[in-house]
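Residue strings, one per chain:
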Amino acid sequence: MNLSTIRELDPIIHAPIRLAILSVLMASDGATFGFLRDAIETSDGNLSTHLTKLEVAGYVTINKSFVGKKPQTICAITELGRKSYLNYFNRLEEIVQNKGANTPI
Amino acid sequence: MNMQQTQQEIKIIKDMIAKTRRETAESGNFFVAIGIFSMLMILMIGLLQKAHSSRWIIPALLVMVLGNMLIGFLFVKKATEKKGVWSYPKKICASIWIACGIPSLILIFVFPVYAIYPWSLVVVLTPLLMGMAVFACGVILESNLLAGSAFFWWIGGSAMAFIHGNMRLWVMMFIVLCGWILPGFALNRQVKKMRNTNES
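One line per chain: the protein sequences are D and U, in this order.
For the first sequence, position 53 matches number 53 in this note's numbering, and the numbering has no gaps at all.
For the second sequence, position 86 matches number 86 in this note's numbering, and the numbering has no gaps at all.
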C-alpha cells in the first residue's frame with residue numbers, strides 16, 4: 001500500500017470506536033447513548049470523547065432530551081457523516097481487493 | 001495500515017451492523033398482539049350479535065380500532081425508549097400503519113354514519129386497506145410471508161362482499177389469523193433464529 005492510500009482514509013473515522021459508532025448509526029435511524037455504549041462495549045467517558053469528535057466534524061448530531069424525568073441523549077448520523085462513511089468503506093474495500101491481488105493473506 | 005488492520009476494521013463494521021440489525025429487527029410481536037386483540041373483539045361482536053345487543057357493536061368496533069392503535073403506540077414507545085435504537089424500516093412501517101389507520105377510522109366510523117354507504121361495506125373496505133399496510137410492511141421488513149399474507153386480506157375482503165351473516169365473522173377471524181397472527185409468529189421465529197445464530 002502506498003502513502004496516498006493511507007492519506008485518503010478519513011482520520012476522523014480511522015479509529016475503532018468512531019468507526020463502530022458510525023457503523024451503528026448507519027444501520028439505524030438513531031440510537032441512544034446507552035445503546036451505543038452497550039453495543040460498542042466501551043465506557044461512558046470514552047464514548048463521549050469520540051462522539052464529540054464526530055460531532056465537531058459534522059458527522060453526527062447529538063440531541064439531549066428528557067423521557068419523563070430521565071435524560072436521554074440521541075445520536076444520529078448526518079448526511080456528511082453518511083457520505084464520509086461510505087467513502088471510507090469503499091477505500092477499505094479497495095485496499096482489501098488490491099492487497100488480495102498482490103499478496104496472499 | 002496493514003492488511004490485518006483493514007480486516008479488523010471490516011470486522012468492526014460487520015459486527016456493529018449485525019448487532020444493530022439484531023436489535024432493530026421486527027420481532028412480529030406487534031402483529032401477534034393486534035391479531036389476538038382483534039380476534040377477541042371479533043368474538044365479542046359475534047356474541048353481541050347472538051345476544052341481539054347490536055347497539056353495542058359500533059362501540060365494540062371502536063374499541064377494536066382504538067385498541068389496535070394503542071398497541072401500535074405502545075410498541076413504538078417500547079422500541080424507542082427501552083431499546084434505545086430504531087431503524088428506517090420500522091419508522092416507515094409505523095408511518096404506513098398511521099397512514100392506513102386514519103382512513104380506516106373514517107371508513108368505519110364516518111361514512112356509514114352519514115349513510116354514504118351501508119355498514120355492511122365496512123367489512124369489505126377495511127380488509128382491503130389492511131392488506132395494503134400488511135403488504136407494504138412485509139416488503140419493507142423483507143418478510144415474504146408477511147407480504148404474502150396481504151392476499152388473505154385482499155381475497156378475504158373481496159369475499160366479504162358475497163357472504164352474509166355470521167359467516168362474515170368466521171371469515172374475518174380467518175383473515176386475522178392468517179394475515180396477522182401466523183406471519184407474526186413466523187417473524188418471531190425468524191428473529192429468534194437470527195439472534196441465536198449471531199450469538200453463537
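Treat the hints as calculated values from the structure; they're not laboratory data.
Because the structure is a prediction, the values reported are computed rather than measured.
The C-beta atom is built at its ideal place from N, Cα and C for all residues, glycine as well.
Possibly wrong hints are sitting among the right ones.
Calculated pairs, DSSO-like style, for lysine-lysine (alpha carbon to alpha carbon, straight line, at most 27 Å) [what the hints assert, rightly or not]:
| id | chain 1 | residue 1 | chain 2 | residue 2 |
| --- | --- | --- | --- | --- |
| 1 | D | LYS64 | U | LYS77 |
| 2 | D | LYS83 | D | LYS53 |
| 3 | U | LYS14 | D | LYS53 |
| 4 | D | LYS70 | U | LYS11 |
| 5 | D | LYS64 | D | LYS83 |
| 6 | D | LYS70 | U | LYS14 |
| 7 | D | LYS64 | U | LYS82 |
| 8 | U | LYS193 | U | LYS11 |
| 9 | U | LYS192 | U | LYS83 |
| 10 | U | LYS77 | U | LYS11 |
| 11 | D | LYS53 | U | LYS77 |
| 12 | D | LYS64 | U | LYS91 |
| 13 | U | LYS91 | U | LYS193 |
| 14 | D | LYS69 | U | LYS192 |
| 15 | D | LYS70 | U | LYS192 |
| 16 | U | LYS193 | D | LYS69 |
| 17 | D | LYS64 | U | LYS78 |
| 18 | U | LYS192 | U | LYS77 |
| 19 | U | LYS193 | U | LYS78 |
| 20 | U | LYS78 | D | LYS69 |
| 21 | U | LYS14 | D | LYS69 |
| 22 | U | LYS193 | U | LYS83 |
| 23 | D | LYS69 | U | LYS11 |
| 24 | U | LYS91 | U | LYS78 |
| 25 | D | LYS70 | U | LYS193 |
| 26 | U | LYS192 | U | LYS50 |
| 27 | U | LYS14 | U | LYS83 |
| 28 | U | LYS77 | U | LYS193 |
| 29 | D | LYS53 | U | LYS11 |
| 30 | U | LYS91 | U | LYS77 |
| 31 | U | LYS50 | U | LYS193 |
| 32 | D | LYS83 | U | LYS78 |
| 33 | U | LYS14 | U | LYS193 |
| 34 | U | LYS91 | D | LYS83 |
| 35 | U | LYS11 | D | LYS64 |
| 36 | U | LYS50 | D | LYS53 |
| 37 | U | LYS14 | D | LYS83 |
Among chain D residues calculated to face chain U with C-beta under 10 Å, some are [what the hints assert, rightly or not]:
| id | residue |
| --- | --- |
| 38 | ILE21 |
| 39 | SER23 |
| 40 | VAL24 |
We went through each hint and held it up to the structure:
1. D:LYS64 to U:LYS77: 17 Å, holds
2. D:LYS83 to D:LYS53: 17 Å, holds
3. U:LYS14 to D:LYS53: With a Cα-Cα distance of about 23 Å, the restraint between U:LYS14 and D:LYS53 holds, given a limit of 27 Å.
4. D:LYS70 to U:LYS11: Violated. D:LYS70 to U:LYS11 sits at ~34 Å, over the 27 Å cutoff.
5. D:LYS64 to D:LYS83: Holds, because 24 Å separates the two Cα atoms, which is no more than 27 Å.
6. D:LYS70 to U:LYS14: 32 Å, violated
7. D:LYS64 to U:LYS82: At roughly 16 Å apart (the allowed maximum being 27 Å), U:LYS82 and D:LYS64 satisfy the hint.
8. U:LYS193 to U:LYS11: Answer holds: U:LYS193 to U:LYS11 is near 22 Å, not above 27 Å.
9. U:LYS192 to U:LYS83: 16 Å, holds
10. U:LYS77 to U:LYS11: 32 Å, violated
11. D:LYS53 to U:LYS77: Answer violated: D:LYS53 to U:LYS77 is near 30 Å, above 27 Å.
12. D:LYS64 to U:LYS91: Holds, at roughly 20 Å.
13. U:LYS91 to U:LYS193: Holds - the C-alpha atoms of U:LYS193 and U:LYS91 are around 23 Å apart, at most 27 Å.
14. D:LYS69 to U:LYS192: Measuring from Cα to Cα gives roughly 33 Å; hence the hint is violated.
15. D:LYS70 to U:LYS192: 30 Å, violated
16. U:LYS193 to D:LYS69: Answer violated: U:LYS193 to D:LYS69 is near 36 Å, above 27 Å.
17. D:LYS64 to U:LYS78: At roughly 19 Å apart (the allowed maximum being 27 Å), U:LYS78 and D:LYS64 satisfy the hint.
18. U:LYS192 to U:LYS77: Holds - the C-alpha atoms of U:LYS77 and U:LYS192 are around 21 Å apart, at most 27 Å.
19. U:LYS193 to U:LYS78: 22 Å, holds
20. U:LYS78 to D:LYS69: 17 Å, holds
21. U:LYS14 to D:LYS69: Violated, at roughly 35 Å.
22. U:LYS193 to U:LYS83: 19 Å, holds
23. D:LYS69 to U:LYS11: Violated. D:LYS69 to U:LYS11 sits at ~38 Å, over the 27 Å cutoff.
24. U:LYS91 to U:LYS78: Status holds; Cα separation ~13 Å.
25. D:LYS70 to U:LYS193: 34 Å, violated
26. U:LYS192 to U:LYS50: 41 Å, violated
27. U:LYS14 to U:LYS83: 20 Å, holds
28. U:LYS77 to U:LYS193: 25 Å, holds
29. D:LYS53 to U:LYS11: 22 Å, holds
30. U:LYS91 to U:LYS77: Distance ~12 Å between U:LYS91 and U:LYS77 Cα, so the pair holds.
31. U:LYS50 to U:LYS193: It is violated: about 43 Å lies between the C-alpha atoms, which goes past 27 Å.
32. D:LYS83 to U:LYS78: Answer violated: D:LYS83 to U:LYS78 is near 31 Å, above 27 Å.
33. U:LYS14 to U:LYS193: 18 Å, holds
34. U:LYS91 to D:LYS83: 22 Å, holds
35. U:LYS11 to D:LYS64: It is violated: about 31 Å lies between the C-alpha atoms, which goes past 27 Å.
36. U:LYS50 to D:LYS53: Status violated; Cα separation ~67 Å.
37. U:LYS14 to D:LYS83: 18 Å, holds
38. ILE21: Result: holds, 8 Å to nearest chain U Cβ.
39. SER23: OK, holds: D:SER23 within 10 Å of chain U, min 4 Å.
40. VAL24: 5 Å, holds
Going through the hint list in order, the structure does not satisfy hints 4, 6, 10, 11, 14, 15, 16, 21, 23, 25, 26, 31, 32, 35, 36.
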